[in-house]
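Two independent chains are provided; combine them into the complex using the hints.
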Amino acid sequence: GAVVSQHPSWVICKSGTSVKIECRSLDFQATTMFWYRQFPKQSLMLMATSNEGSKATYEQGVEKDKFLINHASLTLSTLTVTSAHPEDSSFYICSAPIQGENTEAFFGQGTRLTVV
Amino acid sequence: GIQVEQSPPDLILQEGANSTLRCNFSDSVNNLQWFHQNPWGQLINLFYIPSGTKQNGRLSATTVATERYSLLYISSSQTTDSGVYFCAVDDYKLSFGAGTTVTVRA
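One line per chain: the protein sequences are B and S, in this order. Here the first sequence stands for residues 464 to 579, where the numbers follow our numbering. Here the second sequence stands for residues 8 to 113, where the numbers follow our numbering.
So that you can see chain S by itself, here it is in the shape it has in the complex (with noise of 0.2 Å):
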């Protein structure tokens, strides 16, 4: 299967800084999720997004689909920003990378 992986594992953040997470993966996909775990373990949507850019807020997308590879930019990060960030990635049964915890800090 599709091979993801997800950096950096983890980030701290001071309340306001600006962040890039990425993810790599193996092969050409038809899909490509970007997720917030929250601390009750919610999985939020936030970007469906194989390729192009898209912008939600302070949130932002761009997948180069021809490199192999994502990235989420976080923007004036909050304490609610915390939790765990999964890429996921393939046609409909969803392969996820290992995750990038981000730690906002006030």
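Chain B extracted, bound-state conformation (with noise of 0.2 Å):
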């Protein structure tokens, strides 16, 4: 199956710092990407839609001046958690999608974020 790689794979913060973490599709270009938050013991939930070249679509609920998103090109995107606080600690995960005759998403490893 096509790779992605998502880095950190933890971090640890304190609170009122930025933290980025990044999600490269190794071995596809990738005009879409996905980032989903994961509370412990919950199911996955889509925060936003990370597009190639323009602007990041977000969730109804997300806040896009926290949780900044740069797709910088078709192998990378960045979500960077600003300011962040412990109530942003939580589990980050990346997907892309490989488009063609299957749709089929791809993750990348998660990033688990610590805000002390």
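If you're looking for bench data, these hints aren't it; they were derived computationally from the structure. Be aware that a few hints might be false.
[Said to hold, decoys possible] Partner residues are not named here, just some residues of chain B that face chain S (Cβ under 8 Å, in silico):
1. Phe497
2. Ala568
3. Phe570
No experiment lies behind these values; they were computed from the predicted model shown. Note that beta-carbon positions come from the ideal geometry of N, C-alpha and C, so glycine has one too.
Okay, here's the thing in structure tokens:
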């Protein structure tokens, strides 16, 4: 299957600082990537759709100024959690679909963010 | 959006047992995928199966699109099968079910 790489795998940051998470498609190009958030023992919730060359589309209730998304190239999307607070602590995971006859999504390893 | 319901929420199996996980969805879909989330959080693609039947080793899946459900079969379960199984649907912007937590005991 296709490979999506996410970095870092885990990060601990101080309250008020910003954290950047990278999502790369290693062996295919992705004009669109997706960012999800997962709380413990819960399902994945879509946060936003990252679009190469244009603004991200955010789901209802997601603060776009808090979660900055930049799709810099056809293989890289970044999520920056700005002015992080303890309530932002969560598992963040990205996905990229391979578009063709079948649109199958592949996921990165996820990033566990802890804000102290 | 499309509603996705998975059952059962939890499943405890003895090693070697077989099991069936179910995914119901509220509308027609172009994409249905099954994933296994391992203890480290990684989502492993199991099946891309908007319709029909597929098999991969001890796992198989069937989707009956006209009746809006999909089934994931685990045969001869092993402890490494433990984890959360998710069904996700839609046309490339995936909506996830709540998952089924599977625990396989030795």
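Please write out, lowest number first, the hints stated earlier that are contradicted by the structure.
none
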